[in-house]
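**Student:** Below, each chain spelled out in residue letters.
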Amino acid sequence: MAREQHDYDDIPGTFVFDAERSRQGYAINMFCMSLMKDENRKAFKANEAEYLKKFNLTPEQTDAVLKRDYNRMLELGGNIYFTAKLGATDGHSFQHLAAVMTGSSQPDYAAMMLEGGRSVEGNRSRSGKNTPSKYLGAAPAKKTAAAKVKAKAGSKAGKAKSGKAKSKPAKRK
Amino acid sequence: MATIIAGIGSSHVPAIGAALDNGKTEEPYWKRVFSGFEKSQAWMREAKPDVAIVVYNDHASAFSVEMIPTFALGCAAEFPPADEGWGPRPVPVAQGHPALAAHIAQSCILDEFDLTICNKMEIDHGMTVPMNLLFGKIEKGGHWPCPVIPLAVNVVMYPPPTGHRCFMLGRAIRKAVESYPEDLKVVIFGTGGLSHQISGPRAGLINRKWDTAFLDNLSKDPQKLVKIPHIEYMREAGAEGIEMVMWLVMRGALDDKVDEVYRFYTVPASNTAVGHIILANKRRAAKKPATKPKRLAVKRKRAAALARVQRIRS
Chain A
1 MAREQHDYDD
11 IPGTFVFDAE
21 RSRQGYAINM
31 FCMSLMKDEN
41 RKAFKANEAE
51 YLKKFNLTPE
61 QTDAVLKRDY
71 NRMLELGGNI
81 YFTAKLGATD
91 GHSFQHLAAV
101 MTGSSQPDYA
111 AMMLEGGRSV
121 EGNRSRSGKN
131 TPSKYLGAAP
141 AKKTAAAKVK
151 AKAGSKAGKA
161 KSGKAKSKPA
171 KRK
Chain B
1 MATIIAGIGS
11 SHVPAIGAAL
21 DNGKTEEPYW
31 KRVFSGFEKS
41 QAWMREAKPD
51 VAIVVYNDHA
61 SAFSVEMIPT
71 FALGCAAEFP
81 PADEGWGPRP
91 VPVAQGHPAL
101 AAHIAQSCIL
111 DEFDLTICNK
121 MEIDHGMTVP
131 MNLLFGKIEK
141 GGHWPCPVIP
151 LAVNVVMYPP
161 PTGHRCFMLG
171 RAIRKAVESY
181 PEDLKVVIFG
191 TGGLSHQISG
201 PRAGLINRKW
211 DTAFLDNLSK
221 DPQKLVKIPH
231 IEYMREAGAE
241 GIEMVMWLVM
251 RGALDDKVDE
261 VYRFYTVPAS
271 NTAVGHIILA
281 NKRRAAKKPA
291 TKPKRLAVKR
301 KRAAALARVQ
311 RIRS
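Top to bottom, those sequences are chains A and B. For what it's worth, my numbering labels the leading residue of the first sequence as 1, then goes sequentially. For what it's worth, my numbering labels the leading residue of the second sequence as 1, then goes sequentially.
Check before you lean on any hint, since a few could be wrong.
Computed beta-carbon distance windows for the label pairs [unchecked claim]:
# : chain 1 : residue 1 : chain 2 : residue 2 : range
1 : B       : 95        : A       : 126       : 24 to 34 Å
2 : B       : 28        : A       : 92        : 23 to 33 Å
3 : A       : 107       : B       : 31        : 19 to 29 Å
4 : B       : 24        : A       : 91        : 16 to 26 Å
5 : A       : 107       : B       : 208       : 15 to 25 Å
6 : B       : 67        : A       : 7         : 21 to 31 Å
7 : B       : 87        : A       : 49        : 25 to 35 Å
8 : A       : 103       : B       : 87        : 14 to 24 Å
9 : A       : 56        : B       : 26        : 23 to 33 Å
Derived DSS-like pairs (lysine-lysine); straight-line CA-CA distance at most 25 Å [to be verified]:
#  : chain 1 : residue 1 : chain 2 : residue 2
10 : A       : 129       : B       : 24
11 : A       : 85        : B       : 24
12 : B       : 140       : A       : 37
In case anyone wonders, no lab produced these hints; they're calculated from the structure. Note that the structure is predicted; figures quoted are calculated from it, not measured. For every residue, glycine included, the Cβ atom is placed at its ideal position computed from N, Cα and C.
Sequences are here, hints too, so could you generate the full structure?
**Tutor:** Here you go:
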């Protein structure tokens with residue numbers, strides 16, 4: 001069955017770990033969880049394919065794990081907090097994984113973070129919704145909300161008050 | 001009566017814990033982060049809370065994908081640090097406050113917030129890192145300065161509870177705390193965030209504008225934040241930036257109008273924008289001294305008068 005489409009599928013470069021992926025990726029995540037124990041890490045490293053058989057991964061999921069294709073793991077229901085345990089088992093820092101997932105080298109990724117991180121500009125939407133969130137504005141919105149309340153109260157109370165409320169937002173312009 | 005005196009917002013980046021545990025706090029990269037919390041630690045020593053409620057999320061430590069409670073309250077007597085794959089962090093076992101926690105659970109559930117009760121629970125960096133940032137480094141054999149009540153929120157699997165739901169839970173927690181008979185000073189932590197994405201090709205996303213507006217509104221106009229839908233957090237603040245809804249539990253537990261005591265923001269710690277704020281409820285104690293002595297004086301006068309009358313009668 002095809003994956004149900006959601007508003008957040010429009011966010012580029014992002015696999016949201018939702019209820020459907022949680023169900024689909026249960027085996028991957030439980031496998032990763034098992035790597036919290038040292039004896040399991042050793043068993044996995046000794047024979048990866050054999051160890052994975054215990055967890056009933058799909059062939060695609062097994063392939064993604066063996067190839068350390070972290071983005072594919074996320075797409076197939078892995079969650080980053082879980083797949084990070086696989087990275088740690090390989091002896092990698094988290095920034096190494098981040099670099100791998102973003103198709104960058106670790107020094108380049110680290111440098112990008114030091115310079116303030118990846119900009120949201122141009123990275124909001126696959127479908128061109130690149131205008132900043134309307135929830136960003138701080139103080140002015142408060143006035144608008146207050147004005148709305150006043151306007152509502154005014155319209156209930158009568159003409160005189162509603163006139164007053166209408167004139168207020170105009171003043172701010 | 002127990003009262004919530006202040007709310008604390010703090011990121012809980014695991015690398016901060018690792019830097020602390022591995023003695024890297026003096027390295028310039030980390031000093032930039034830790035120095036932002038020095039004033040906060042002084043404030044905390046002064047505030048001397050009796051209990052801290054810590055709203056945080058577990059990162060595949062205490063909860064895997066076997067059970068994913070939306071809100072889970074720690075009612076245990078103690079909470080050991082979890083082994084997150086590198087051995088448990090060298091921090092003290094946190095003492096709980098089972099009596100207040102049970103009271104909060106009962107009050108909130110009757111208030112229609114169906115909390116999961118955890119009578120055995122380990123806590124991961126989501127909780128221990130903010131505790132370190134506010135209480136300082138404490139050796140494994142030592143003691144945290146006050147008991148804690150963990151409130152784990154699912155922000156790992158989508159959808160987490162809405163910002164509005166988180167805020168209203170904060171309200172319910174406040175009601176619960178204020179109906180607890182013992183005089184306790186309580187602080188509440190909201191942790192996680194601020195903007196960050198650590199998964200997928202868009203990893204590394206940081207949005208300073210968003211974070212600043214979030215902190216501004218948290219302080220002055222939280223009702224505005226309550227309306228933000230999840231898609232906005234994920235688009236603007238990163239897939240994992242959605243953790244910021246947990247700060248709204250903290251904000252909901254405070255007065256509508258609060259004093260912003262302190263704020264700190266720096267980019268990055270590892271992959272994350274570090275945000276921190278202390279919001280204090282305005283002191284309500286000011287009213288009490290004015291009324292109490294009066295009442296006492298009246299009582300004393302009456303008692304004295306009664307004594308005189310009794311003396312005369314006898």
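**Student:** Please list, smallest to largest, the hint numbers that this structure does not respect.
**Tutor:** Violated hints: 1, 8, 9 and 10; rest satisfied.
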